[in-house]
Structures are given as structure tokens and as C-alpha cells.
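Colleague: Sequence order for the protein chains is Y and U.
Just so it is clear: in the first sequence, position 21 is 21 by the working numbering, and no numbers are missing.
Just so it is clear: in the second sequence, position 45 is 1045 by the working numbering, and no numbers are missing.
No lab work stands behind these hints, which were simulated from the structure alone.
Ideal Cβ placement from N, Cα and C applies to all residues, glycine included.
It is possible that some hints are incorrect.
[Claimed, not checked] Away from chain Y, derived, C-beta distances all over 10 Å, residues of chain U:
# : residue
1 : Leu1002
2 : Lys1007
3 : Gly1015
4 : Leu1020
[What the hints assert, rightly or not] So the derived label-pair ranges between C-beta atoms look like this:
# : chain 1 : residue 1 : chain 2 : residue 2 : range
5 : U       : Arg1044   : Y       : Met1      : 36 to 42 Å
6 : U       : Arg1005   : Y       : Gln18     : 52 to 58 Å
7 : Y       : His21     : U       : Ser1072   : 28 to 34 Å
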Amino acid sequence: MRTMTTSRFGELEYDPDQEIHFPEGLPAFESETRFVPVEIPGTAPVVFLQSLNRPDLTFVTLPALSVAPDYSLAMIPEDLEILGLPPERQPGLGKEVLCLAIVTIGGQQPPSVNLMAPVVIHIGTRRAVQAIQPESPWSHQHQVPLD
Amino acid sequence: MLLIRRKPGESILIGENVELQVVEVVSGRVTLGIAAPREVLILRKEIQVAQSQNIAAAQGVTPESIQLLISSLRTR
């Protein structure tokens, strides 16, 4: 286990094997290539993505399927190649890849998730990409279904 | 918005230094060729949307907002 000091969690202990590598970073955060998923007891299904390079950078995410049970991917071939997956078909959700949607909270708007451009993680290699999907029917501001 | 009809191989000029050519149209997809000075930023629009959404998402992460999200998820 390793530890790092983060703005959100204070002293964070993490397993280096859990590290997720974004070869291209994320849009607007292109130099952030190393993240670790953080799950806090009592906050399921929320998965925090903590940057290992920037202690102040944490994304709140929800598994796409927890927000939209009928969710499916429409990744472009270039993004599939970044993950080392065959470009001619969509990968199996939950089998080959995990799919996390970044949550936007705060401000006047209700919480929303970006289902147009989810974080897709190759389960085997832990390589990841924020897959911008121009042909996805899902919104970049999909409202989190709340009561 | 200005609309201009072009066929594959034809170009339009934007300003003095940018040329936009329609290279190919295949089953509803257009391949564009762009010749522009290095300092001109060229971005697929959906990337700009993802950038601003990511910036908003990173800024909204406060202990209060996280608590609010979690408690509203739990009441479902």
C-alpha cells in the first residue's frame, strides 16, 4: 500500500495495483494520466477518481449502469485502440470494461452525469480513456434520477 | 449561420490563412481537410463540451455537495 495526502480525503492509503492509467489524460486535464479509484464505505455506488499527480483533483463518478440500466457504449475506433481493444466492435460493459460517468454537482443545477463522454476502464490492463462519443444518444448533462 | 454547398474536392477560405476542403463524403460522413497556421486551435466541438463539463465537475466537488448527492441517492 502507498499513501498520499489529498485535499478531499486527507491521508489516503491506496493499492498501487489499483492505479488507472489514462494515456491521454482527460479533456481539460490532459497532463493528469494517473488516477486511483476510491470507494468510501457508505457512499456506494459513488466512485471517486483521485489524481495521483494533483492532490486537489478529485472527480465524483457513478457507474453508468447505476444511472441508466439500459446504457450502452458508442465508442469511436480511436478510443478503442487507446485501450488496446478491437476497433470494430463495442466492448462488453462489466466484462471487458468498466464505465464510470463523471458527476457534476454544486451550483444551481441538480446533479448530472456525463453519459456522452464516460470514463471507460479496461479491466485487464487498467488503461482508461474518457470516451467522447459523438454518436451517443446520451447527454453530457444527464440528470441523476433522484426522488 | 452562413450555409455554403460544396462538393468533394472543393474548398472554402476562412480569413486569409485557413482553407477548409471537403475531401470525401461517404454514407453521411464528411472528411474535412484543414490547412491553417500552427497557432490556430482546431477542435472537434464535442471535445470542447467535454472540457468545460470536466472543469465544472472538478470545481463542484465539495464535502457538502458530495453529502447532498449521496443522501439523495440513498432516498431512492
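Colleague: The structure should be examined with respect to each hint, and the outcome stated for every one.
Modeller: Hints versus structure:
Listed as a non-interface residue, Leu1002 (chain U) keeps its Cβ farther than 10 Å from every Cβ of chain Y; the least gap is roughly 23 Å. No Cβ of chain Y approaches the Cβ of Lys1007 (chain U) within 10 Å, the least distance being about 24 Å, so the stated non-interface status holds. For Gly1015 (chain U), the shortest C-beta to C-beta distance to chain Y comes to about 26 Å, beyond the 10 Å cut-off, and the non-interface label holds. The beta carbon of Leu1020 (chain U) sits about 19 Å from the closest Cβ of chain Y, which is more than 10 Å, so the claim that it is off the interface holds.
Checked against the hint of 36 to 42 Å, the pair Arg1044 (chain U) and Met1 (chain Y) passes, with Cβ atoms roughly 40 Å apart. Arg1005 (chain U) and Gln18 (chain Y) have their C-beta atoms about 53 Å apart, which keeps the hinted 52 to 58 Å range intact. A hinted range of 28 to 34 Å holds for the C-beta pair His21 (chain Y) and Ser1072 (chain U), which are about 32 Å apart.
Comparing the model with each earlier hint shows no violations; every hint is respected.
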